[in-house]
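S.K.: Heads up: the protein sequence lines correspond to chains U and X, in order. Quick note, the first sequence lines up with residues 894 to 1063 if you use my numbering. Quick note, the second sequence lines up with residues 12 to 422 if you use my numbering.
Source of the hints: derived by calculation from the structure; they are not laboratory data. Wrong hints could be hidden among the right ones.
[As the list claims (entries may be wrong)] For lysine-lysine, the following DSS-like pairs were computed, each having C-alpha atoms within a straight-line distance of at most 25 Å: (1) X:Lys263 / X:Lys81; (2) X:Lys90 / X:Lys377; (3) X:Lys244 / U:Lys945; (4) X:Lys263 / X:Lys276; (5) X:Lys321 / X:Lys263; (6) X:Lys263 / U:Lys948; (7) X:Lys342 / X:Lys301; (8) X:Lys202 / X:Lys301; (9) X:Lys90 / X:Lys263; (10) U:Lys948 / X:Lys90; (11) X:Lys86 / X:Lys69; (12) X:Lys342 / U:Lys945.
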Amino acid sequence: MPDATELELTAQELREAHGAESIIDATFHRNRATLIANPAHVHDVLERLQAKGYKFLASLHGCDYYPEEPRLGILYELLDMDRVDRVSVKARVHTEDARISSVIDLFPGADYPEREVYDMFGVVFEGHPDLRRILMPEDYEGFPQRRDFPLGGEPVLFTHNEERSYGKWQ
Amino acid sequence: MSLTEDYRKREESITLSGEPIGETHELLTLNIGPHHPATHGVLRLITTLEGEVVRDIKPIVGYVHTGIEKTCEDKSYWKAIPVVERMDYLSYYFNATAFCGAVETLLGVEVPARAQYLRVIHLELNRIMSHLVWLGTSALDLGAISMFWYCFRERETILDLFEMSSGQRMHTRYIQVGGVIEDIPRGFEAKLRKFIAEMPDRADQYADLLEKNQIVLQRLHGTCQLDEETLLKLGVTGPLLRAAGNPWDLRKAQPYSSYDHFQFKIPVGTVGDNYDRYRVRHAELYESVKIIEQALDGLPEGPFITPDRKVALPPRHELATSMEALIHHFKLVTEGFRVPPGEAYYPIEGPRGELGCFVRADGSAKPARVHMRDPSFVNLQALGPMVRDSYIADLIATLAMLDPVLGGIDR
């Protein structure tokens, strides 16, 4: 883990390279270093971090910060295997305009994780060649991991309510 | 012309270089699965074949998606443990450790030394168990049916040990936030020592059965290689990466749960073909046995769970005498403990690679988000690059050597 000072230095370096607004904040909590990036610059930030040695994208996942705004967070857990060092990059987007550029050109392994985040949170990764649902059925509506999505969603089908279920009216 | 000669001649006409297909060639789309014994679960593969050569492959997953991550958000932290365990159903101790580790990081709870050693013993037993299931089913795919019974015989002993220490054979809920649920019972150590004494011999027997078998060797040697660089780009970790020669193992690189106390080696391969994948996992059986032996010898005295009553249940006998213990018990069982706001990502080395658990706490007694970075899910991306332009028979062997667990992929 980088310490708090090194994280600040990294944040400063990124701000100088990509503009002061590219890194919104850098937090260090319980040995976890997080860079909060502007979603418009996330591709540039990751590209620079990759050049700095964080060559391995360990994990990419989404998180819903409801009721905080912007609600949706996309987290990139980067790993430097030579120095055994981890840093996490977070970008927050609004639900109305949930778009972020894909990092599949930098990390080909981001393919499935990005599809999963799209599937569960409805974040559109611009530049992803094959952005489809991956875990939920293709014709599913809604994004189940959002916090306002109900937990017990679909009614159980019995003979008595079969006629009223979707797909049965034909 | 003999039958073999004729076959070899026709085989030579197939180009494996991936050249553009001319007008005379016809492509066939073949659907494999979702219900097929060789897919190791409910995995569907849409393959595009030219003759017997795989030109393209699309894995379709999601058939056993049960929304475990969503379910966790409605459970208090300690009630989420059994749910999380059911993700990758062959590595339940690992799932629980990753989740508990993330929660412990957020709480700032120290795990006692004895609990860490007990965790290591069970994690390594689980690793052997997972590799045995992999070896048995993979050998089954390659036509070596008897291997399945030998591997499951040893697996049965491990499950008996799990039953002894926790009361259950699978999804044991043994690992708790702050330690483990119970100390190992009397007789466990003797039975475990008997097992670790005989396990290396048994592993030798597996090698004798498989590695002198010409059919198995031909199907594994040199098939579906993938170099280290491509694997790293695709995010592949675990035995698959180590088979390509990269000795990345979190137990050594970023030791957790006192793995730095033990002497063990990281088996690595050389070229990264199916044979190396098999050898690396097989060699890990011996290393896990070594770790268990050292952990058992050096098992420290002391508590098996944190004495912090705000997190761990008080001992049962205290409830009759101490009002305070009763209050803690009531509070933990009804509401559970609250975790201060924050985010944690806790990676451990699972049997299939880096198993990372991300937990976001919002200050309440329920996690606001749980995400499991499952190695099977990420590793499955490497299947396409591995099998492109090789025979469909090699696809089955590669899928077996990839060792995907669909419960972990779909969660």
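S.K.: Check the hint pairing X:Lys90 with X:Lys263 against an upper bound of 25 Å on the C-alpha distance.
M.R.: Roughly 31 Å between the alpha carbons, so the hint for X:Lys90 and X:Lys263 is violated.
S.K.: CA of X:Lys263 to CA of U:Lys948, is that 25 Å or under?
M.R.: Roughly 19 Å between the alpha carbons, so the hint for X:Lys263 and U:Lys948 holds.
S.K.: Given the hint that X:Lys263 pairs with X:Lys276, test it: the Cα-Cα distance must not exceed 25 Å.
M.R.: holds (9 Å)
S.K.: Regarding the pair X:Lys342 and U:Lys945, is the alpha-carbon distance no greater than 25 Å?
M.R.: violated (48 Å)
S.K.: Compare the distance between the alpha carbons of X:Lys90 and X:Lys377 with 25 Å, and conclude whether the hinted pair is satisfied.
M.R.: holds (9 Å)
S.K.: Can the restraint linking X:Lys244 and U:Lys945 be considered satisfied, given a maximum Cα separation of 25 Å?
M.R.: Distance ~16 Å between X:Lys244 and U:Lys945 Cα, so the pair holds.
S.K.: Holds or violated: are the alpha carbons of X:Lys202 and X:Lys301 at most 25 Å from each other?
M.R.: holds (16 Å)
S.K.: CA of X:Lys321 to CA of X:Lys263, is that 25 Å or under?
M.R.: This hinted pair is violated, its Cα atoms lying about 32 Å apart.
S.K.: Next pair to validate is X:Lys342 with X:Lys301; report whether the Cα-Cα distance is within 25 Å.
M.R.: Not OK: X:Lys342 and X:Lys301 at ~41 Å, beyond 25 Å, violated.
S.K.: Next pair to validate is X:Lys86 with X:Lys69; report whether the Cα-Cα distance is within 25 Å.
M.R.: Given that 25 Å is the threshold and the Cα spacing comes to 35 Å, the pair is violated.
S.K.: Holds or violated: X:Lys263 with X:Lys81, Cα cutoff 25 Å?
M.R.: violated (33 Å)
S.K.: Given the proposed pairing of U:Lys948 with X:Lys90, does the C-alpha separation stay at or below 25 Å?
M.R.: The given pair, whose Cα atoms are some 36 Å apart, is violated under the 25 Å limit.
Hint compliance for this structure: hints 1, 5, 7, 9, 10, 11, 12 are broken, all remaining hints hold.
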